[in-house]
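Q: Residue numbers (our numbering), protein chains in the order written: chain U, 12 to 219; chain X, 12 to 219; chain Y, 12 to 219.
These aren't lab readings, by the way, just hints derived from the structure by calculation.
Nothing here was measured: the structure is a model prediction, and the numbers come from that model.
Treat the hints with care, since some could be wrong.
If several chains are the same, the list does not tell them apart, and a pair holds so long as it fits within one copy or across any two.
Unchecked claim - Subject to a maximum C-alpha distance of 16 angstroms in a straight line, what follows is the list of computed EDC-like cross-link-like pairs (lysine to aspartate or glutamate): (1) Lys108 <-> Asp167; (2) Lys138 <-> Asp171; (3) Lys186 <-> Glu176; (4) Lys47 <-> Glu127; (5) Lys186 <-> Glu43; (6) Lys189 <-> Glu43; (7) Lys47 <-> Asp25; (8) Lys186 <-> Asp85; (9) Lys108 <-> Glu195; (10) Lys138 <-> Glu179; (11) Lys114 <-> Glu176; (12) Lys189 <-> Glu176.
What follows is the residue order along each chain.
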Amino acid sequence: MGFSLLPKEVKFFDMYDAQAQHLRKAAVFFKEIAEKGACSDIDVLKMHDIEHECDNTTHDIINGLNRSFITPFDREDILQLAQELDDVVDIIYSLTKRMHVYKIKEKNKALVQFAEYIDQATIWLGKALSGLRSMKNSKITHEACMEVNRLENMADQLKDAVIGEYMEKSKDAIKLIKWKEIFEGAETTLDICEDVVNVISSILVKQG
Amino acid sequence: MGFSLLPKEVKFFDMYDAQAQHLRKAAVFFKEIAEKGACSDIDVLKMHDIEHECDNTTHDIINGLNRSFITPFDREDILQLAQELDDVVDIIYSLTKRMHVYKIKEKNKALVQFAEYIDQATIWLGKALSGLRSMKNSKITHEACMEVNRLENMADQLKDAVIGEYMEKSKDAIKLIKWKEIFEGAETTLDICEDVVNVISSILVKQG
Amino acid sequence: MGFSLLPKEVKFFDMYDAQAQHLRKAAVFFKEIAEKGACSDIDVLKMHDIEHECDNTTHDIINGLNRSFITPFDREDILQLAQELDDVVDIIYSLTKRMHVYKIKEKNKALVQFAEYIDQATIWLGKALSGLRSMKNSKITHEACMEVNRLENMADQLKDAVIGEYMEKSKDAIKLIKWKEIFEGAETTLDICEDVVNVISSILVKQG
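Just chain U, same shape as in the assembly (with noise of 0.2 angstroms):
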């Protein structure tokens, strides 16, 4: 990690990035089974380990900041960031448990357009963290939260679209019931990913 005058500060950062990673993993993996449109036992509990891992993650910032005078940011802030992304994990994994329980066994168009953007949330979350590390890139930060905005639009679009039609065409309430909480679950992820640009957006404002 080199030489820091700042040793806490950058722990913080490197704590983020590892959730980060998490969230990469969550998304990549999410896509799999979206792909495949089936969520085995063996899937819930691989998503459970990375759910658990970012959950140790995110103990260790809220830990690291109970012990630290010197934080890069607010503390609020910082509890804050730790927790929502920490969120993003725990609906995926949630998303993947409701796949299972309700034993879905095809593959949904529109669940894989959800998982895709999904994974490209991720990518500019990832991007919008390691900027916040100095100033100098807070263009990129800038440009990943518009983008992490812009997914969250597109998905909310593609649920209206698609509850929409099943509303409308679906003769079997049952199937419409599962289909309808999977595709609110997987837009309600996006907003939460728009919430961690929030926090990360005044955080910002306030450094700015």
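Given chain U, put chains X and Y in place with the hints provided.
A: Coordinates of chains X and Y only, in the frame set by chain U:
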């Protein structure tokens, strides 16, 4: 506006009045949509404009707060009041979108009644807010808060009655899913109006 | 109550014990309703009375907090603990109302099991709360917190199992909608019990 020794205070109240007017616009237009029993593309765009204007006023209040040393009441209360008022317009907009996505094409008596409650609640919220300008008006503010509570209660009973009836008599589960969500959204609108008066009541208590 | 140098502290614990008793009343009565498999008008009123009594105790704690300079633990924790306990009774009451509105008229084995978990959780919450009075009792409080976590876990698995089964086997979508909502409400009751023990755990950590 006349001469005032407390210009910053007057501005906050003016901005709350502006929010109250956005609420009135949204509620009046929602009643129109409920009466028609349908929500066109253009209706959604028009409600989106109202929601966007209210967003702008909310941002003005937040920015005003960041620039002000003296505020007419606690900073957190100013922020929370602005955000709860914004939430009222947000949920009316999302109700409109839901009607559009679900291609509702029939006038529903219960929805017209909900729209009437929402309409009345926003009138009382306007009175409660303008009453905040002076302790002399605390009586009207109290009365307005009680009226909003009463309307929320009635909306809650209406929701139980109408959803209970659908559950009992409906043979069409998909139609039931649509209307259940719309009725719940309408009732939640009154819940958020009640959240607004709870903030207002706690401001009154602190001033009292 | 005996003589104490810290009368105000003793009062908070007495009020939490009162809340714990309201929780017990609500849980025991809910188990009765689940066993009957039906919730009459009178049952709803009776549960409403319990909810109202708990509200009163919650208000007493909030008022007590506003009058106290010395508190047994952090002010925010006192408030949050009181509110989360209140939320437990609120959701049990809303579950009761839901059963009434949906005109449930059949005993459901899974619901009886949920009611049993809720019953046990409120017993452990009572122990956890009374354990807070003295650091000497932190072991019992820890054990109680772990037991509530275990019950929440079991309720979560039960929810997935029973909703998964309904989704697979039910032909009646409207019946499924009713029971899904009731099972989710029952599981959320345990989630809120877990929120309570999370507050209690964080109080223990700060005292430790």
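Q: If the cut is 16 angstroms between Cα atoms, do Lys138 and Asp171 qualify within a copy, between copies, both or neither?
A: neither (29 angstroms within a copy, 36 angstroms between copies)
Q: How would you label the pair Lys186, Glu43 (within, between, both, or neither) given a Cα cut-off of 16 angstroms?
A: neither (22 angstroms within a copy, 34 angstroms between copies)
Q: First find the shortest C-alpha distance between Lys186 and Glu176 inside one copy, then the shortest across copies, and answer within, between, both or neither for a cut-off of 16 angstroms.
A: The answer is both: 13 angstroms in one copy and 14 angstroms across copies each meet 16 angstroms.
Q: Under a CA distance limit of 16 angstroms, which applies to Lys47 and Asp25: within one copy, between copies, both, or neither?
A: neither (33 angstroms within a copy, 56 angstroms between copies)
Q: Should Lys189 paired with Glu176 be assigned to within, between, both, or neither, using CA atoms and 16 angstroms as the limit?
A: both (14 angstroms within a copy, 13 angstroms between copies)
Q: If the cutoff is 16 angstroms on CA atoms, where do Lys108 and Glu195 land: within, between, both or neither? Let me know, please.
A: both (14 angstroms within a copy, 15 angstroms between copies)
Q: Regarding Lys108 and Asp167, is the shortest C-alpha distance of 16 angstroms or less found within a copy, between copies, in both, or in neither?
A: Cα proximity of Lys108 and Asp167: across copies only (11 angstroms, versus 22 angstroms in one copy).
Q: Regarding Lys114 and Glu176, is the shortest C-alpha distance of 16 angstroms or less found within a copy, between copies, in both, or in neither?
A: between (22 angstroms within a copy, 10 angstroms between copies)
Q: With identical chains treated as interchangeable, where does the CA-CA distance between Lys138 and Glu179 reach 16 angstroms or less: within a copy, between copies, both, or neither?
A: neither (40 angstroms within a copy, 42 angstroms between copies)
Q: Given identical chains, is Lys189 near Glu43, meaning Cα to Cα at most 16 angstroms, within a copy, between copies, both, or neither?
A: neither (20 angstroms within a copy, 32 angstroms between copies)
Q: Which holds for Lys47 with Glu127 at a C-alpha limit of 16 angstroms: within a copy, between copies, both or neither?
A: For Lys47 and Glu127, the Cα distance is within 16 angstroms only inside one copy (14 angstroms; across copies 39 angstroms).
Q: Check Lys186 against Asp85 for me: Cα-Cα at most 16 angstroms, and say if that holds within a copy, between copies, both or neither.
A: neither (46 angstroms within a copy, 48 angstroms between copies)
In summary, the numbered hints that this structure violates are 2, 5, 6, 7, 8, 10.
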